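**Q** Listed here are the chains, written in short residue letters.
2 protein chains.
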Amino acid sequence: MPKRVIFHELKTPEEALAVISGFIKRSEVEYVNLEDSYMRVLAEDVYAKVDVPPFDRATMDGYALRAEDTFGADELHPVKLRLSNLSINAGDSNLPLVEKGSAVEIATGAPLPPGSNAVVPVEYTKVDDGTLTIYRSVTPMDNVMSAGSDIMMGELILRRCTLIKEREVGVLAAVGIDKVPVFKRPRVAIISSGNELVKPGSLLSMGKIYDINTYTIAHGVREAGGEPLLMGIVKDDEAEMEGIIRDALSKADLVLLSGGTSAGALDISYRVLDRIGPPGVIVHGLNVKPGKPTVVAVSKEGKLVVGLPGYPSSALMIFNIIVKPILAKMQCLSLTQPVIRAQMAIRVEGARGRRGLNPVSLVETESGVKAYPLPAESGAITTLAYAEGYIEIPENREFLEEGEWVNVRLFTHQYKPANLYIMGSHDVALDSSLIPLLPDWITAKVINIGSLEGLKAAIRGEADVAGIHLIDEETGEYNEPFVRKYGEGKVRLVAGYMREQGIILPKGNPRGISSFEDLIRLKLRIVNRNKGAGTRFLFDKLLKEYALRNGVSFEELAKSIPGYYHEARTHTAVAAAIAQGRAEAGVGIRAAAEMYGLDFIPLAWERYDFAVPLSKLSKDSVRVFISVLKDEEFKRRLSSIPGYKTLSNTGEFII
Amino acid sequence: MPKRVIFHELKTPEEALAVISGFIKRSEVEYVNLEDSYMRVLAEDVYAKVDVPPFDRATMDGYALRAEDTFGADELHPVKLRLSNLSINAGDSNLPLVEKGSAVEIATGAPLPPGSNAVVPVEYTKVDDGTLTIYRSVTPMDNVMSAGSDIMMGELILRRCTLIKEREVGVLAAVGIDKVPVFKRPRVAIISSGNELVKPGSLLSMGKIYDINTYTIAHGVREAGGEPLLMGIVKDDEAEMEGIIRDALSKADLVLLSGGTSAGALDISYRVLDRIGPPGVIVHGLNVKPGKPTVVAVSKEGKLVVGLPGYPSSALMIFNIIVKPILAKMQCLSLTQPVIRAQMAIRVEGARGRRGLNPVSLVETESGVKAYPLPAESGAITTLAYAEGYIEIPENREFLEEGEWVNVRLFTHQYKPANLYIMGSHDVALDSSLIPLLPDWITAKVINIGSLEGLKAAIRGEADVAGIHLIDEETGEYNEPFVRKYGEGKVRLVAGYMREQGIILPKGNPRGISSFEDLIRLKLRIVNRNKGAGTRFLFDKLLKEYALRNGVSFEELAKSIPGYYHEARTHTAVAAAIAQGRAEAGVGIRAAAEMYGLDFIPLAWERYDFAVPLSKLSKDSVRVFISVLKDEEFKRRLSSIPGYKTLSNTGEFII
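The listed protein sequences correspond, in order, to chains A and R. Numbering (my numbering) for the first sequence: 1 to 655. Numbering (my numbering) for the second sequence: 1 to 655.
Looking at chain A on its own, in the form it has when it is part of the complex (with noise of 0.2 Å):
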């Protein structure tokens, strides 16, 4: 087995942004058309080669004259000229000469005609057969602007290294610039290695996933000015891979890898780019985490080569540190970092010694913004779908505490706070058939943390709308039980809609179960519900009562049924694992076995309810998701789910 890296020269992403940048080439001069300017960078100072405006203006519509000629006049005096007979328009270049005594009707945006000085406008006139009479003196350049006074022929109008939108492009669309000089778009080859990866679109075999980094990263190298280059994806596999980065260095500017996330992987990916030099690699390792095994390399053709980690979220941090600063330089944009104040949400641990970068979830509050820490390790895809952007835990620090400011570094510009936060238990129909009817501008974030912790997210006023289903194991009853115990004064709770739960088993029931106590009995392999979910809260009541009945304890009960630990998220979930053959029984609701042509065995119907904050209920998002619960087509939605039924009361305030 060849020797594996041992990364012992860490840099902090500032020592290695300092090596980087001696080998940062600015990016080509090319020009565009003025039109084709949009989000370009110039590459030249520019300096006015014509006056703006290039002639005296008239900023009125009225009538050309010597000001001379109308001193003294007011309404009691009134000043009589000649009137021409000619008139001259905006565009006009064939100029009257406006002699002592006379006037020429002129429009705004007109070039004042030899001779006159002034304009009067036309409200302070009245035309007579000939004659002008005019009821208010003007002084020289009255209602004229005069050439040159806007932009000076020879002014430095906009520097180089400027980013190019809607007012640069005016400003150089003013003074006749129609071939643009900048910076030509850095071609960027992306690479995603690994033995598991396939594209989108493809069908996944065993053992497969699909290649998610390729199209983040794409995306954030066009956010940053640059051309993605999409090379594919590359086994592990040391010849493959060092010719698929030669190739990537003979078209572009830039190369990209992200990385296996195995020690194997990480060693091929560094033996090659170490040959692709000299100098080779020039990064061996960051000390933050994750993101540790960031490798950079120079090619000896002098082009930089960034090893990204694996994990999406992992890599798009590291996009944001390394290769960002590095776009921009190429370009010469000085890149502002979009950042956020907020709040931690709860304690966050640093990475002892390495710099922590956290992923998180920003929710807005009534008091402010608050950052919600994500796993940081854990290769989850739903930590992109979640976390807006990042924060910085220093190298010295043990833990941020639970209100402590942060910045958040956001992964995008445009960062848009969701204006609906629903926070609780994963339900089939309020991803089908409730949502989908909310109108467009409600931008709602779906976080399933399930019951328990939908509810205190909502006391803590976090979430706008929790949907809970918690079962009293005292007395049966759902929902308003944990409401008043917790939630009095706080919160208001919604009736929402009747769920039927059940055991889910594969299809055709092979095992012949037909209760409860069969499971237990038979000893099916199951998939759990994680701690807090309302059907977790179901299945350890039914598992109670067996206990009791059964003589033995709820823990040692619990210990001996397999999978009793293995937690699924959602009902789906469950459903899935079972459709798959991972699992042999669960217990969820109806609709999740149907979506998956299982069996179902009914054990009870359960009330699924929305705990609202007192504080959010005039916010017109929750008013709006309320009055949804009461609209006739999500009624009829809802009943077209199987195992869902409608209340009297859903849409109505119980609590």
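Honestly, the hints are just simulated from the structure, not real lab data. If you're wondering where the values come from, they're calculated on a predicted model, not measured in any experiment. Take these hints with a grain of salt, some might be off.
Repeated chains share a single entry, so a pair holds when one copy, or any two copies, can fit it.
[What the hints assert, rightly or not] Lysine to aspartate or glutamate pairs mimicking EDC-like chemistry, simulated, CA-CA at most 16 Å apart:
| id | residue 1 | residue 2 |
| --- | --- | --- |
| 1 | 289 | 398 |
| 2 | 289 | 9 |
| 3 | 199 | 35 |
| 4 | 199 | 36 |
Use these hints to put chain R onto chain A, whose structure you have.
**A** Below, chain R alone, put in the same frame as chain A:
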């Protein structure tokens, strides 16, 4: 003459949008490749069709085994298992069965083989000749990410109307989507009307100006997700305009017309827009200032046509207020208007019963962001150059006070404040020699407001650097007396360089001028500089001396000079006016005269220095600015400009 349009049904922007809203059609749906989905808007709710991960996946490099085989293992009581000679890598699909008492090597990302239910990380093991020694026990599913635990089959992963950027494309890739349903980009036809307009790049003949709105609007359309279709320039001719609008309607989803500024041009476009109906014109003017003559019409095919004001900054404001919301709705985008809070730097007047839309320039000061109002209806293109956005002054406010907090609506996302504000007197060397030597990370904003206003801005801490050349009439001394008098303890003065001032005359000096006296005596038509300009101080000083010598009052003398009240803002403007025959003489620096090949009679050398607020001395960009003054390359460049010379102490503090 046809009846003039009277706008007597003015609507607020909100009322106008309510009327328009009923005519907006949602864009059609098209499918794009995943890699082409950047900044597109999802047209359908997307549900996961696969689980993520699709199988139980190892999250560490280590050994797959049965957790129960490790129970009780620790450093003192290691467990030994038979080690298979196979190993499972990421992407492997042919998986060995792991039997009781055995283990198999597994890499991060690889599928858990049948029979095993956990992974022991490599660091807690030792391998010896086919035997694995394990020093730590694991429980089932330890170091395994279970199938579907990240995203479940059937889960709603992205809602329609979501803008696709890095994170969203990652979620789509994760579930294997390669064709993405998105709303088609609205095709937006852009027409500029006006007899005076010519395309940038062509030659300007008398009376003509360059078309600006086509380009600012086109870039605005791209920013709002549309696809601009440049229709070009149309004359203020009813038949021609109707033809191009009907052509545009046949090609585009939305038509934008930016109109002539004269009443006559407005009449024409109004009549044409009414004729494309029914319904024809649906919004007859807005009660905003500027932007009153905004017209919105609907063609008989049901397409919207918006007639925007002619002045570029006005057109861009109305584009933001009216057109962006239309484009957003067509694509189901809930656009966030980027807004910055700022304080009014000076008082600004309202629009008396209309809503004032006032472009503002933003300056970052120690005490926060200040908004400088710019002339709203001037038609100046510098308004575009300086205005980062605009404020709305409510209908019922006569004015907004200095210091009042306002919301500045930015023209574009990604507002990046300049990090070096250079205010004060316009200087050729500053433009051509100093600023180009600043490193690219310095984003300079040069605002030519004259020496005195520049000094004041430095004293208020709004300018980082103010270029000044102010002569003390009593002592003839430059700059220092002014800084001592007004800025003691607030600003310091950095020595700049010398500039040669003189009389600028047409090439060949046709009137045979040889002195300042000749200029006055021969009553040459002059072009003056604005009040507060150092050159104006010099001119007035010379004029006062002349008046004293000749026994006339300064005021009378000034009045008798043709063009005395014709003010130009920069030296090059003075030279341009003379070169183009609009004036016969002016006072300015030699460099400007040389730029235009004009004659020059030296009057004096003056000092051009830089006032810097004490509070800005430690600012990086300011320190670099001062260091560039001392740079040899700068001194070399400066000395090569006619009429410039450096001082022995250039770049050093005088005060």
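**Q** For every hint, state whether the structure bears it out.
**A** Hints, one by one, checked against the model:
With identical chains, the CA atoms of residue 289 and residue 398 are at most 16 Å apart within one copy only, with a shortest distance of 13 Å there and 56 Å across copies. When the C-alpha separation of residue 289 and residue 9 is checked against a cutoff of 16 Å, the pair qualifies only within one copy, where the shortest distance is 15 Å, while the shortest distance between copies is 62 Å. In this assembly of identical chains, residue 199 and residue 35 lie within 16 Å of each other by CA distance solely across copies; the values are 11 Å between and 35 Å within a copy. Proximity of residue 199 to residue 36 under the C-alpha cut-off of 16 Å is restricted to the inter-copy arrangement: shortest distance 15 Å between copies versus 32 Å within a copy.
Checked against the numbered hints above, the structure violates none of them.
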